[in-house]
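Novice: If you read the sequence shown in my numbering, its first letter stands for residue 1, the second for the next number, and so on.
Rather than coming from a laboratory, the hints here were simulated on the basis of the structure. Wrong hints could be hidden among the right ones.
Stated by the list, open to error - When the alpha-carbon atoms are kept at most 20 Å apart in a straight line, the in silico DMTMM-like pairs for lysine to aspartate or glutamate are as follows:
no.: 1; residue 1: LYS263; residue 2: ASP551
no.: 2; residue 1: LYS582; residue 2: ASP453
no.: 3; residue 1: LYS173; residue 2: GLU43
no.: 4; residue 1: LYS156; residue 2: ASP146
no.: 5; residue 1: LYS41; residue 2: GLU161
no.: 6; residue 1: LYS173; residue 2: ASP297
no.: 7; residue 1: LYS159; residue 2: GLU21
no.: 8; residue 1: LYS613; residue 2: GLU217
no.: 9; residue 1: LYS263; residue 2: GLU594
no.: 10; residue 1: LYS41; residue 2: GLU201
no.: 11; residue 1: LYS173; residue 2: ASP200
no.: 12; residue 1: LYS41; residue 2: GLU143
no.: 13; residue 1: LYS473; residue 2: ASP563
no.: 14; residue 1: LYS263; residue 2: ASP311
no.: 15; residue 1: LYS613; residue 2: GLU594
no.: 16; residue 1: LYS613; residue 2: ASP453
no.: 17; residue 1: LYS173; residue 2: ASP311
no.: 18; residue 1: LYS159; residue 2: GLU195
no.: 19; residue 1: LYS159; residue 2: ASP190
no.: 20; residue 1: LYS613; residue 2: GLU444
no.: 21; residue 1: LYS263; residue 2: GLU217
no.: 22; residue 1: LYS173; residue 2: ASP190
no.: 23; residue 1: LYS173; residue 2: ASP146
no.: 24; residue 1: LYS173; residue 2: GLU204
no.: 25; residue 1: LYS173; residue 2: GLU201
no.: 26; residue 1: LYS156; residue 2: GLU21
no.: 27; residue 1: LYS473; residue 2: GLU490
no.: 28; residue 1: LYS263; residue 2: ASP170
no.: 29; residue 1: LYS173; residue 2: ASP36
no.: 30; residue 1: LYS173; residue 2: ASP306
no.: 31; residue 1: LYS582; residue 2: ASP563
no.: 32; residue 1: LYS473; residue 2: GLU594
no.: 33; residue 1: LYS41; residue 2: GLU195
no.: 34; residue 1: LYS159; residue 2: ASP170
no.: 35; residue 1: LYS473; residue 2: GLU560
Everything numeric in this text was worked out from a predicted model, so none of it was measured.
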Amino acid sequence: MPIRQLSETMINQIAAGEVIERPASVVKELVENALDAGASKVEVVTAGGGLNLIRVTDDGSGIPEHELSLAIARHCTSKLAEDIHDIRSLGFRGEALPSIGSVSRLSIRSRTALGDSAAEIGIEGGRILPIRPAAANRGTTVEVRDLFFATPARLKFMKGERAESSAISDVVKRIAIAFPAVRFTLAGSDRSTLELPATDESAEGSLRRVAQVMGAEFPDNSIPIDAMREGVHLTGHVSIPSFTRANALQQYAYVNGRPVRDKLIAGAIRGAFADVLPRDRHAVTVLFLTLDPGTVDVNVHPAKADVRFRDPGLVRGLIVGAIRQALGDAGIRSATTGAAGMMAAFRPGAASYGHGGPANGHRSYEASYHASGSAGFDPARSSQRPLDMQFDGAGFEHRGLREPDQAAFDAGPLASADARAGQSEAAETLLGAVLGAARAQVHENYIVAQTRDSLVIVDQHAAHERLVYEALKNALHSRPVPSQMLLLPEIIDLPEEDAERLAMHSETLARFGLGIERFGPGAVAVRETPSMLGETNVGQLVRDLADEIADNDTVETLKERLDKIAATMACHGSVRSGRLLKPEEMNALLRQMEATPGSGTCNHGRPTYIELKLADIERLFGRR
């Protein structure tokens with residue numbers, strides 16, 4: 001077949017295969033265009049999961065009538081100057097509208113602030129319709145109907161209506177987080193209405209928008225991030241280690257305001273939370289990277305979801321370091337969801353009781369007595385009321401108790417009050433601490449502590465495991481790791497570029513106990529290995545390090561292996577479950593937890609303590 005020029009329609013359909021993968025891709029491109037036009041309100045309406053209808057309306061600057069034909073032409077844009085490396089808008093390629101129009105029925109109706117009327121242009125499967133007058137307010141309305149009707153093969157790869165609607169919701173929420181001052185509305189016959197009111201550009205306003213998207217629990221269970229390194233500014237919020245999700249869908253990342261799904265950022269988040277989360281749990285994060293546009297390439301893929309950094313090691317190190325620093329500075333905190341789970345476990349229900357007492361919100365004891373009659377309700381035998389206490393006008397009279405029991409009953413509350421009154425000033429001071437003062441040990445594993453306004457339950461083994469682990473890590477990384485000399489150097493053949501990368505990081509590797517030097521153009525010689533590793537597969541370790549350096553320009557693999565060994569040593573060297581602790585030992589453990597970063601979870605990511613507020617306890621007993 002001879003070489004020939006493809007038609008404009010086919011060129012646009014090929015481009016649409018890269019830019020427009022599904023209805024959510026259309027929504028992303030159209031909403032980004034609205035934001036680039038300076039919109040303060042963006043309304044999205046869909047039907048049939050976006051396959052039947054997508055309508056995006058904004059109040060932005062609008063498109064002049066004489067530019068409508070250019071707006072639907074390929075590689076025509078108002079957002080890009082002469083420098084492709086200086087991109088300060090969400091869109092810049094000039095491909096979205098012609099690509100969408102080549103596979104759907106597209107209409108654009110727009111009016112500028114100075115325009116007397118609006119104008120409309122349409123495309124049907126790549127065929128351009130003439131411009132005509134229209135009625136509209138200031139701004140632009142883009143309507144897309146019958147998506148992929150011109151390429152029916154693509155329809156076979158679409159998911160169900162609910163899945164496509166969910167993907168559209170995720171796109172709108174992801175963009176909305178970066179633009180808190182813009183009001184977003186998402187509605188349609190295929191969904192319930194989502195409305196995100198505008199806040200403001202301040203840190204508080206941004207956090208309110210995050211709460212609108214991610215739920216009201218996130219701000220109370222998050223830590224602010226604010227760090228700068230060599231011109232790269234990182235801000236946002238990350239969840240505390242005890243507040244996690246089963247997947248990484250609630251990890252939002254933005255580069256110069258652009259939502260991205262970048263593997264380097266995702267890997268940095270995993271690395272920062274590596275030793276504080278369970279293996280199958282994920283942190284919740286909202287991170288904003290601001291840097292010189294010339295140091296990041298957003299033109300990697302037509303969808304603009306991937307980016308490449310000029311210095312990936314700098315970006316990864318900033319994210320990991322900032323998150324770990326924030327976690328350390330935040331001190332010890334428990335997730336608010338832990339108390340909610342405890343309340344749900346303790347909350348009495350109808351299935352737990354054989355009577356209709358106040359705990360179930362039913363009738364009072366006296367009402368049960370009168371309703372059942374003297375034959376049906378015997379106070380002396382009833383499990384509902386172990387003590388028959390009748391009010392005689394002057395006070396409560398206790399009946400049915402033997403004399404020793406009566407004395408103990410009378411003395412109990414008074415003795416407890418005297419004990420509380422006689423507490424030392426030191427004990428009162430402990431009540432003001434984060435984890436309070438230890439009161440008891442339950443089942444030889446759980447420490448029950450009291451603060452001024454809460455009850456705290458601590459898993460002694462998990463808590464001490466974290467303390468020992470952090471001490472081992474500090475000792476491990478505060479000085480060079482001891483190494484052991486190999487009797488014979490191990491020669492490992494590698495591609496020349498991998499050998500070069502390892503040689504460039506040889507000083508860092510030596511600090512972790514791994515002695516490496518070049519051995520010809522395509523090999524390295526390993527002369528020392530970390531003593532902690534014992535017998536290990538040196539060849540596999542070196543190859544893993546070479547792969548990681550190629551991807552991220554870091555040597556975290558070796559550090560992570562050493563940390564895992566430290567975690568195992570901590571697990572076996574910590575206070576075991578079943579060991580009785582003295583009060584001073586329990587209080588010492590609580591104080592160490594308060595002073596140790598990350599002690600809210602153990603090495604395996606499980607919570608080390610749960611806090612239940614006094615107000616919650618009172619609600620359990622119907623006092624509130």
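Novice: All the hints need checking, so say for each whether the structure fits it.
Specialist: Results for each hint:
1. LYS263 / ASP551: With a Cα-Cα distance of about 10 Å, the restraint between LYS263 and ASP551 holds, given a limit of 20 Å.
2. LYS582 / ASP453: With Cα atoms ~24 Å apart, LYS582 and ASP453 exceed 20 Å; violated.
3. LYS173 / GLU43: holds (13 Å)
4. LYS156 / ASP146: holds (14 Å)
5. LYS41 / GLU161: violated (26 Å)
6. LYS173 / ASP297: Given pair LYS173, ASP297 is violated - Cα atoms ~24 Å apart, limit 20 Å.
7. LYS159 / GLU21: Distance ~12 Å between LYS159 and GLU21 Cα, so the pair holds.
8. LYS613 / GLU217: Given pair LYS613, GLU217 holds - Cα atoms ~16 Å apart, limit 20 Å.
9. LYS263 / GLU594: violated (34 Å)
10. LYS41 / GLU201: holds (15 Å)
11. LYS173 / ASP200: Since the Cα atoms of LYS173 and ASP200 sit roughly 16 Å apart, the hinted pair holds (cutoff 20 Å).
12. LYS41 / GLU143: holds (17 Å)
13. LYS473 / ASP563: With Cα atoms ~7 Å apart, LYS473 and ASP563 stay inside 20 Å; holds.
14. LYS263 / ASP311: holds (15 Å)
15. LYS613 / GLU594: holds (18 Å)
16. LYS613 / ASP453: holds (6 Å)
17. LYS173 / ASP311: violated (29 Å)
18. LYS159 / GLU195: violated (25 Å)
19. LYS159 / ASP190: Holds - the C-alpha atoms of ASP190 and LYS159 are around 14 Å apart, at most 20 Å.
20. LYS613 / GLU444: Violated: LYS613 and GLU444 sit about 24 Å apart, past 20 Å.
21. LYS263 / GLU217: violated (27 Å)
22. LYS173 / ASP190: Distance of about 17 Å is within 20 Å: holds.
23. LYS173 / ASP146: Violated, at about 24 Å.
24. LYS173 / GLU204: At roughly 18 Å apart (the allowed maximum being 20 Å), GLU204 and LYS173 satisfy the hint.
25. LYS173 / GLU201: Status holds; Cα separation ~17 Å.
26. LYS156 / GLU21: holds (12 Å)
27. LYS473 / GLU490: violated (28 Å)
28. LYS263 / ASP170: holds (19 Å)
29. LYS173 / ASP36: holds (17 Å)
30. LYS173 / ASP306: Judged against 20 Å, a Cα distance of about 18 Å means the pair holds.
31. LYS582 / ASP563: Since the Cα atoms of LYS582 and ASP563 sit roughly 31 Å apart, the hinted pair is violated (cutoff 20 Å).
32. LYS473 / GLU594: holds (18 Å)
33. LYS41 / GLU195: holds (11 Å)
34. LYS159 / ASP170: holds (15 Å)
35. LYS473 / GLU560: Roughly 11 Å separates the two Cα atoms, so the pair holds.
In this structure, the hints that do not hold are numbers 2, 5, 6, 9, 17, 18, 20, 21, 23, 27 and 31, in rising order.
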